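Asks: Let the hints inform the model, and build the full structure from the sequences given.
The sequence shown begins at 1 in my numbering and counts up by one.
These are calculated hints, taken from the structure and not from any lab test. Predicted model, so just to flag it, every value in this text is computed and none were measured. Glycine included, C-beta positions come from ideal geometry on N, C-alpha and C. Among the hints, a few may not be true.
[What the hints assert, rightly or not] BS3-like mimics (lysine-lysine), calculated; alpha carbons at most 27 Å apart, straight line:
(1) Lys268 <-> Lys167
(2) Lys333 <-> Lys277
(3) Lys287 <-> Lys331
(4) Lys314 <-> Lys331
(5) Lys277 <-> Lys339
(6) Lys188 <-> Lys241
(7) Lys218 <-> Lys348
(8) Lys239 <-> Lys274
(9) Lys281 <-> Lys331
(10) Lys277 <-> Lys348
(11) Lys333 <-> Lys287
(12) Lys235 <-> Lys167
(13) Lys268 <-> Lys222
(14) Lys325 <-> Lys268
(15) Lys220 <-> Lys348
(16) Lys222 <-> Lys241
(17) Lys241 <-> Lys325
(18) Lys241 <-> Lys274
(19) Lys268 <-> Lys188
(20) Lys314 <-> Lys281
(21) Lys218 <-> Lys188
[Unchecked claim] Simulated DEER-style distance windows between Cβ atoms:
(22) Ala283 <-> Val329: 18 to 28 Å
(23) Glu201 <-> Pro237: 14 to 24 Å
(24) Asp307 <-> Arg203: 34 to 44 Å
(25) Glu206 <-> Lys287: 45 to 55 Å
(26) Pro205 <-> Ala306: 38 to 48 Å
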Amino acid sequence: NKNGTLDSMELHRGLAHAGLTEEEIDTILHVAEGNQALTFEDFKRGILPHLRGQADQEEQSKPKSTVPSITQDLMDKYDIDMRQVKYKPAPKIPIRQPPALIADPEQPPPKSSRGRPPQLPPLNLPGGATPRKQKEEEVAEREGVGSTESADKDQEDEAADRLQRLKEKAEGGPARPSKQDLDQGQYKFVVFEGGDESIAEIRLPETATWSEMQVQLKAKTKSAGLYGLRFLDPKDPDKPKMVRNEEEWRACMQCCMSEADRELEVDKVQPTTKVYKLDLKVAKAEKKRIYYQNLYDHPVTWSLDADNPLVSFKDPQLTVPQQEKGAIVLKFKAVPEAKTETIVVRLKEDSTEIVHNVRVQASWS
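Replies: Right under this line is the structure:
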């Protein structure tokens, strides 16, 4: 109306047009306590809360959308609902570690143990070299150190075949002793020296040391010194093993203990020849270093000499602690033209006069 009031008829029609039921309309009309004329203030105070409550109920009955609306009406309702919302902290998402690198995609990743990073397969470098060996060769080339070759494979094969033949001959022969011929806890070592006839028989207890073996063998062979022994391990018969220190001796004793008759054939041997290859420049005097290892359990002093006048030594003596390597500095005279020569460097032990040989293949270009 012009005076700013609403009569009951107008209000009834408006509420019915808004979709309210008759019961709801009756409730609203009684808000003003029976007054037939409602002011806008009465409407806001009594009717709007009821309409808002009805709208809230309708909104809650609708399925909630996952995409929030940006209309002002829903923003208003969002502010109202915020008072009743209880938030929970989001669950922590576990961080996955990156997978280990795999050298070969067809192979499964290597397993790790005790939290240590898995060991990766070795890199396939040209020529079958390992990263460490390649690095050592680079340093050797830069510092003038010669490259070395391993022991002669043919000699190893020949020694393995001979020891195997001696073992089979002894086991099949009539003179083979039985367990009863040995005292309890004793083990027998039949010693050869390159031939088919033994030069000594040594009987020792399991607890015997390498020093005790040396003492008995020196006494029976009447030799001043002993470099080492060679034997065959039944677990690896293709490659003979060496004895030059206590650690290697324990492995030899274990092989003898594993034999059914407690007997093992061994060879008395001299040091194998080590080979170095050195590249030198024509018309230039040079120094080169080679290395030799002391495999004994005690320090050794060697006196050095060579069979070629083109080579001399920075120091004519070399003392090396046990189980370590010593450097030999070779001094080469200038050579006027390209050539290749084989030079033998001899290392004689001062205490035993055992001679170790190093063969140097020197190439001038």
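Asks: If a hint holds in the structure, say so; if it does not, say that too.
Replies: Here's how the hints hold up against the structure:
no.	hint	verdict
1	Lys268 <-> Lys167	holds (15 Å)
2	Lys333 <-> Lys277	holds (17 Å)
3	Lys287 <-> Lys331	holds (5 Å)
4	Lys314 <-> Lys331	holds (7 Å)
5	Lys277 <-> Lys339	holds (13 Å)
6	Lys188 <-> Lys241	holds (18 Å)
7	Lys218 <-> Lys348	holds (19 Å)
8	Lys239 <-> Lys274	holds (18 Å)
9	Lys281 <-> Lys331	holds (13 Å)
10	Lys277 <-> Lys348	holds (22 Å)
11	Lys333 <-> Lys287	holds (9 Å)
12	Lys235 <-> Lys167	holds (15 Å)
13	Lys268 <-> Lys222	holds (13 Å)
14	Lys325 <-> Lys268	holds (24 Å)
15	Lys220 <-> Lys348	holds (23 Å)
16	Lys222 <-> Lys241	holds (24 Å)
17	Lys241 <-> Lys325	holds (20 Å)
18	Lys241 <-> Lys274	holds (17 Å)
19	Lys268 <-> Lys188	holds (15 Å)
20	Lys314 <-> Lys281	holds (19 Å)
21	Lys218 <-> Lys188	holds (16 Å)
22	Ala283 <-> Val329: 18 to 28 Å	holds (21 Å)
23	Glu201 <-> Pro237: 14 to 24 Å	holds (22 Å)
24	Asp307 <-> Arg203: 34 to 44 Å	holds (42 Å)
25	Glu206 <-> Lys287: 45 to 55 Å	holds (50 Å)
26	Pro205 <-> Ala306: 38 to 48 Å	holds (45 Å)
Violated hints: none; the structure is consistent with every hint.
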